[in-house]
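Undergrad: Residue numbers (numbering that gives the first Met the number 0), protein chains in the order written: chain A, 0 to 302; chain B, 0 to 302; chain C, 0 to 302; chain D, 0 to 302.
Accuracy of the hints is not assured; some may be wrong.
No distinction is drawn between identical chains; accordingly, a pair holds when it is met within one copy or between any pair of copies.
To be verified - DSSO-like mimics (lysine-lysine), calculated; alpha carbons at most 27 Å apart, straight line:
| hint | residue 1 | residue 2 |
| --- | --- | --- |
| 1 | Lys-146 | Lys-202 |
| 2 | Lys-202 | Lys-298 |
| 3 | Lys-298 | Lys-9 |
| 4 | Lys-297 | Lys-9 |
| 5 | Lys-297 | Lys-202 |
| 6 | Lys-275 | Lys-297 |
| 7 | Lys-59 | Lys-111 |
| 8 | Lys-106 | Lys-71 |
| 9 | Lys-275 | Lys-298 |
| 10 | Lys-111 | Lys-297 |
| 11 | Lys-56 | Lys-275 |
| 12 | Lys-146 | Lys-56 |
| 13 | Lys-111 | Lys-146 |
| 14 | Lys-298 | Lys-71 |
Read the hints as simulated data drawn from the structure, not as lab findings.
Since the structure is predicted, the reported quantities are computational estimates derived from the model, not experimental observations.
Number of protein chains: 4
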Amino acid sequence: MQIGFVGLGKMGGNMVHRIERDSDHEVVAFDPNPEAVATAEGHGAVGAHSLEELVSKLEKPRLVWLMVPSGKITEDTITALTGLLEEGDTIVDGGNTNWHDDQRRSKELEPKGIRYADVGTSGGVWGLDVGYCMMAGGPDESIAHLKPILDVLAPPDGWRHFGAAGAGHFVKMVHNGVEYGMMQAYAEGFDLMHAAPFPIELKEVAGLWNRGSVVRSWLCELAELAFEQEGNDLARLVGYVDDSGEGRWMMNDGIEMAVPTPALAASLYARFYSRKEGDYAARVLAALRNQFGGHAVKKVEET
Amino acid sequence: MQIGFVGLGKMGGNMVHRIERDSDHEVVAFDPNPEAVATAEGHGAVGAHSLEELVSKLEKPRLVWLMVPSGKITEDTITALTGLLEEGDTIVDGGNTNWHDDQRRSKELEPKGIRYADVGTSGGVWGLDVGYCMMAGGPDESIAHLKPILDVLAPPDGWRHFGAAGAGHFVKMVHNGVEYGMMQAYAEGFDLMHAAPFPIELKEVAGLWNRGSVVRSWLCELAELAFEQEGNDLARLVGYVDDSGEGRWMMNDGIEMAVPTPALAASLYARFYSRKEGDYAARVLAALRNQFGGHAVKKVEET
Amino acid sequence: MQIGFVGLGKMGGNMVHRIERDSDHEVVAFDPNPEAVATAEGHGAVGAHSLEELVSKLEKPRLVWLMVPSGKITEDTITALTGLLEEGDTIVDGGNTNWHDDQRRSKELEPKGIRYADVGTSGGVWGLDVGYCMMAGGPDESIAHLKPILDVLAPPDGWRHFGAAGAGHFVKMVHNGVEYGMMQAYAEGFDLMHAAPFPIELKEVAGLWNRGSVVRSWLCELAELAFEQEGNDLARLVGYVDDSGEGRWMMNDGIEMAVPTPALAASLYARFYSRKEGDYAARVLAALRNQFGGHAVKKVEET
Amino acid sequence: MQIGFVGLGKMGGNMVHRIERDSDHEVVAFDPNPEAVATAEGHGAVGAHSLEELVSKLEKPRLVWLMVPSGKITEDTITALTGLLEEGDTIVDGGNTNWHDDQRRSKELEPKGIRYADVGTSGGVWGLDVGYCMMAGGPDESIAHLKPILDVLAPPDGWRHFGAAGAGHFVKMVHNGVEYGMMQAYAEGFDLMHAAPFPIELKEVAGLWNRGSVVRSWLCELAELAFEQEGNDLARLVGYVDDSGEGRWMMNDGIEMAVPTPALAASLYARFYSRKEGDYAARVLAALRNQFGGHAVKKVEET
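Construct the entire structure; sequences and hints are all you get.
TA: See the structure below:
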């Protein structure tokens, strides 16, 4: 079978590689960066140098998988594709899109007869070898069409169809929120052990925990690797942690649905704090303490 | 080799069973409940019907493993054993003891020459088959003496010696704190998916996530089992969740060491809330809202 | 001067009462409930029995103050008014509207030349006597027109104009978020004192704290009143606490702007928990504990 | 009447000043710093240059008020005083002592017949003029003896006797925990307003809120002062916030009593974060993100 791929970055490039390496499917691959297209061609893909070329090289009904940054770029790409695709074709958004946007887009494309599917993808840079865990949403026809591709991208039995458009990204959003909480749980634990009054070899702890303990997990395996590479003090790393949106969206949905998500909140805010957000709040606290207690406050010139 | 076992409940009984089944070591086993002793004898252990008998059946230097409820019972058992043991013997506390108590006890036993080791044990009811992940603290001589026992109790390469007395339970305490956070992370995720505006089969989500996703873990495997057994709504279960102490201790240590543990706090408080703790605080909120806003409050007679 | 008032409930009715009692301004008052209109007439207002009648009784440029439930009712009322008002008239939304909606509406009304102002109002049922603390947003012309009304509704020097449309409700939203945090802070304190191992008369604590302590506040005065009326155990009250939206909106804005608001999150989630939200998460925890530890779980039939 | 005062720092010095200024009571004042003694003498106190001298200048039954740093210094001072005082004398600890220590000390002093009272004191540097809000614990006889002193130190009706030794500091501890939560609530609010997409004059907000709003309080008055002195950006201040112990103790007590205190936890951890605690946890997060996602992490050399 045939599929178009738009976006050949770290994730998309590896996915094309995996499809070409492990199946007979044909991928028509486009990226604004010609080097990325050349790399895909090197893996066996048919290169395209524009959306128009990509669409023209696909047989109907077409499948076009988007693996581009969420937000404006995804939005613009879909708008452009909408003008090129036809009734019965399917756009698959494999990126990190908010599921509310999936629902909206799916409705917007309906009058044109263009189908919309969303596939949340987990697995990171390991997916090329291990396979990508995939959470799909969208119409049954599109998912049936997509099945052979999902079969090769995922590990054995490693994808599910959860419902109409948005369902895939919803489950993926929750996946990432859970990931935030798990990572924060480990991080607090390693922080306390690092602060313990006696030295603890954290690589040994992470390694041991993966041997029969209740907290064994893939993240704990990665922690062992990280301590092995970076040392017990992680001295080369800076404690500055980005967030990619899904944690925020899950917070918002929890608030909307009145589902308390305090561990997620703790995890997201810990990332904010790591970036010195909340600093102004701390200055307010210092100012108030100075007012009522005459507590010395640090002034900028002193630090 | 030979070891004494005090406490043959769910954990201790299985551990004796595993030692007898998988090694040639001799276990002298005591429990106040004669049926538990009989069961251990059935697995091949030498039964004892008092601490005195247990001690008398062990060759010097003796190893006595305690697997009894933490707190007063552990404390009393150690006091009794102190009167029976001799210089060079080792008491091993395998229960859920606060590591500060290990440090204290170790010092108290020093003048008598009795050694003290602590072994934090994870793995739950699955340990009989999978092996117990074991985190040890105490003097090198004791741990060396204990090694053949740890080798059979643990899965392959599944125990570590982390330092002086208390180190084992410290790492185990953190293990449990991490466990609280991970469990809360999953629970919030499943809660939100259960509240979603479209039905999601949570057994499928848990199963899928274990196939290549970032959040794959043993707990997620257990979640799949749980949904399979209890159904998507967990309708037979009541949302009342106990805590066993380690989470509280880790909170306290974090506070003492100025290590923020907000995800752990969220997890512990979520368990408190599940037990209707905090209800009085909610009544204070209702009372205040009524005072300033005239907001209707529910009165007891109405509910 | 003259103003129209739409919505004569607990808040709007009292505001009309205060204007008529304390000034010579003329209020034209409408509410779908004729009794509310009659009450306003009793306080000196000119009654109106439809939006059309209200608009027809106002001289240009008109001022129409909305004091109706936020969301759909406010939206529908503004739509209806838009068809009745003319260039230079001002709609004032005095309710609990999300400031993002104010910004949108203000733009939507611009082509028609209808001005839009938003006034966040605090003070609750005490406002009739004490005055309402008022936070205003909107065009300078509208606020200048509105000034005599704000002067009589507010306590001395008790209103401010914070910027364009939305600014008033933004500051009011934050006010409510702060209120959530303060209330939760007191509630946790009183909860702990109520749980203390010796009896503490909480009315005495609240009363004392208002005499020179750092935490003296109006809410603490209300707490004293509440304990006086309801007793130390608040035994007649049920710990079920609603939230009215602003706390959620402030959470969302904090997430959007990367401003950590952990105390607000704690406060909002505490209210969710008081309503048994999060119960499903607790059942997930119970199910997991049962899986790995064989911990007894409560089944529905047992409770 | 007569009272001895040990500790003439910022708090103790002002308290002696207030007693001498506003009453006929005689204060015998000691501090290791002779200048502080001289200042107290200047306010009318009788100076003492050792604990022995202080005790010798007091008539029996003696009252000795300690206003020294909590922890070791308080402990040592009480030990020294225990050797100097006699049956029927009372030690009053007016500092920031953990109430569990009060209970212990009270019992330790019982065999000697020395009484022990604890007085939690709020009001900060404003207490000299406004009076100190005082929360007392200890035996009735001691509090009766102390009454004239409390009457002059407190504002009108501004002290209470809450129970046996420890009760005063318990209520004071909760007072400070509530203070943490309130301060954090305001700080989050001002932080969000400072980050708003349009400029907001925070001095105006704080000032306005004190005029009839639900969140009016003394802390909000201090916020107005702070913004007036430091400007809208608090640009001279550094966001580094200490904590003085009571918040930690209240957390610990809440954990012990199973009372959820999530707003307090948020407040305490926000202070930890302001001091870069939790940085190691953030490095763990960065390391994990790098492992699974190939996410770029900042290295020390880059920053």
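Undergrad: Look at each hint and say if it fits the structure.
TA: Hint by hint, here is what the structure shows:
In this homomeric assembly, Lys-146 and Lys-202 come within 27 Å of each other (Cα to Cα) only across copies, at 21 Å, whereas the closest approach inside a single copy is 40 Å. Taking the shortest Cα distances, Lys-202 and Lys-298 sit within 27 Å of each other only across copies (20 Å), while inside one copy they are farther apart (40 Å). In this assembly of identical chains, Lys-298 and Lys-9 lie within 27 Å of each other by CA distance solely across copies; the values are 21 Å between and 45 Å within a copy. For the homomeric pair Lys-297 and Lys-9, the shortest alpha-carbon distance between copies (19 Å) is at most 27 Å, but the shortest distance inside one copy (44 Å) is not.
In this assembly of identical chains, the alpha carbons of Lys-297 and Lys-202 lie at most 27 Å apart only when taken from different copies (21 Å versus 38 Å within one copy). Taking the shortest Cα distances, Lys-275 and Lys-297 sit within 27 Å of each other both inside one copy (17 Å) and across copies (15 Å). In the homo-oligomer, the alpha carbons of Lys-59 and Lys-111 lie at most 27 Å apart inside one protomer (15 Å), although the nearest pairing across protomers, at 49 Å, exceeds that limit. Proximity of Lys-106 to Lys-71 under the C-alpha cut-off of 27 Å is found in both arrangements, the shortest distances being 18 Å within a copy and 23 Å between copies.
For the identical chains of this complex, Lys-275 and Lys-298 are neighbours both inside a copy (17 Å) and across copies (17 Å), given an alpha-carbon limit of 27 Å. In this assembly of identical chains, the alpha carbons of Lys-111 and Lys-297 never lie at most 27 Å apart, being 63 Å within a copy and 46 Å across copies at closest. Proximity of Lys-56 to Lys-275 under the C-alpha cut-off of 27 Å is found in neither arrangement, the shortest distances being 49 Å within a copy and 55 Å between copies. For the homomeric pair Lys-146 and Lys-56, the shortest alpha-carbon distance inside one copy (21 Å) is at most 27 Å, but the shortest distance between copies (66 Å) is not.
When the C-alpha separation of Lys-111 and Lys-146 is checked against a cutoff of 27 Å, the pair qualifies only within one copy, where the shortest distance is 23 Å, while the shortest distance between copies is 53 Å. Taking the shortest Cα distances, Lys-298 and Lys-71 never come within 27 Å of each other, neither inside one copy (42 Å) nor across copies (30 Å).
Checked against the numbered hints listed earlier, the structure breaks hints 10, 11 and 14; every other hint is satisfied.
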